[in-house]
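Keeping their order, the protein sequence lines are chains P and R.
Per my numbering, residue 1 is the first one in the first sequence, and the count goes up by one each step.
Per my numbering, residue 114 is the first one in the second sequence, and the count goes up by one each step.
Every clue listed holds true.
Heads up, incomplete: computed chain P residues facing chain R, CB under 7 Å, no partners named:
id : residue
1  : Glu44
2  : Asn98
3  : Phe103
The hints are simulated quantities; they were obtained by calculation from the structure and are not laboratory data.
Treat the numbers as computed from the prediction; the structure is a model and nothing was measured.
Using N, Cα and C, we set each Cβ at its ideal position, and we do this for glycine too.
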Amino acid sequence: AQKVTQAQTEISVVEKEDVTLDCVYETRDTTYYLFWYKQPPSGELVFLIRRNSFDEQNEISGRYSWNFQKSTSSFNFTITASQVVDSAVYFCALGYGNNRLAFGKGNQVVVIP
Amino acid sequence: KAGVTQTPRYLIKTRGQQVTLSCSPISGHRSVSWYQQTPGQGLQFLFEYFSETQRNKGNFPGRFSGRQFSNSRSEMNVSTLELGDSALYLCASSSTLAGGPGDTQYFGPGTRLTVL
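This is chain R alone, in the form it adopts within the complex (with noise of 0.2 Å):
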C-alpha cells in the first residue's frame, strides 16, 4: 500500500498571504490527523477529521481550518500567515472505525512551510 502522501512537500510564503496544504491517506484509512511541530513547541496536534467531520480540534487560533473530502483527502488553510506559523506540518491517517486513543496514527513526509 502507498503510505500517506503530502504536497507540496515545500512551501515558501510571505506574512499576510494564505496557504493550503493537501494530504492524501493510506487506502482505506477515513480517520486524518495534523500536526505542527517547531523547534520551540515540539509536535503538537492541529485536528482530527473523520468522514468528512471534524471531530477534535487543538488549541491553535481560527487562522487554522481544514477539511475533508468523501475520498478522505483532507486539506489545511491557514490565513494570514504570520511568521510564528513557519513549521514541518504533518498529516496522519489511521485505520479507525470507531475512533478513539488506540488507533496507530501513520504520518507522511510532512510539508515544510516557511513564512517570510
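Here chain P stands alone, though its shape is the one from the complex (with noise of 0.2 Å):
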C-alpha cells in the first residue's frame, strides 16, 4: 500500500528563517512520482514540483529546494529565507495507479513577520 508520513503538523519560523519540511514515502512500485503541493488560505492545492523515482537529483527553484533519498525513501522540501507569503499548509504526495494521489497529513508552516 501507498503511504505518505509528514510528522511535524505545525512548524513557526521567524521570517528570514529557513525551514525544512520531512517527508517519508512507502511504496512497493519499482516505478513512482513524488509531489509536492502547497495550499494556502484559499484552499486550492497549488503545484510546486514532481520527481520520478529515477531521478535522484535535488533541485532548487528560487528559495526553494528539494531533496529526494531513496535509500531513506525521503523526499524532503526546504524554504530558504522564509517570507510571509509562504504561510500555507505543505502536501507532499505519492502519485500511483492512474492519476491518484497518496498525500500526507500535511505541514502548516506559519512565518512570523
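The task is to assemble the complex, starting from two chains supplied on their own in separate frames and drawing on the hints.
This is the structure we're talking about:
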C-alpha cells in the first residue's frame, strides 16, 4: 500500500529563517512519482514539483529546494529565507495507479514577521 | 489558459439531501480526479475519470458517485448526505493521454460543503 508520512504538523519560523519539511513515503512500486503541493488559506492546491523514482538529483527553484533520497524513502522540502507569503499548508504526495495521489497529512507553516 | 474551475464554491445542505458538484478542467485536459479533504482524514482520493470512463475509485461508499461528459467536464454527486460528508471537495485535472502515476494534477479552488 502507498503511504506518505509528514511527521511535523505545525512549524513556526521567524521571517528569513529556513524551514525544512520532512516527507517519508512507502511503496512497493519500482516506478513512482513524488509531488509537493502548497495550500494557501484560499484552499486551492498549488503544484510545486514532481519527481520520478529514477531521478535522484536535488532541485532548486528560487528559494525552494528539494532533496530526494531513495535509500531512506524521503523527499524533503526546504524553504530558504522564509517570507510571510510562504505561510500555508504543504503536502507531500505519492502518485500511483491512474492519476491517483496518496497525500501526507500536511505541514502547516507559519512565518512570523 | 484558465485553470480548473469548480462550482459552487460553497454549499450548505441538510442531512438526507443530495448534492451535485461541478468541475471544469483545464482546456485540453481529459482526466479529472476528485478528492475529499477533512481535518480528520486529510486528503482522500474519491475517483478519477478519463474519456467519460471511471478508471479508479477510492474507498468511499456508493453514495458518492460521479460522471464525466464528452467535453471532459465532470460532476460528482453525494446522495443521502451525512454530517461526516462536510468537507472541502477538490477537483484536479491532468493532460494524460495514457494515464499513469506521473501525470501532474492541477487543482481547482474546491467546493466547501457543509451538512447541517
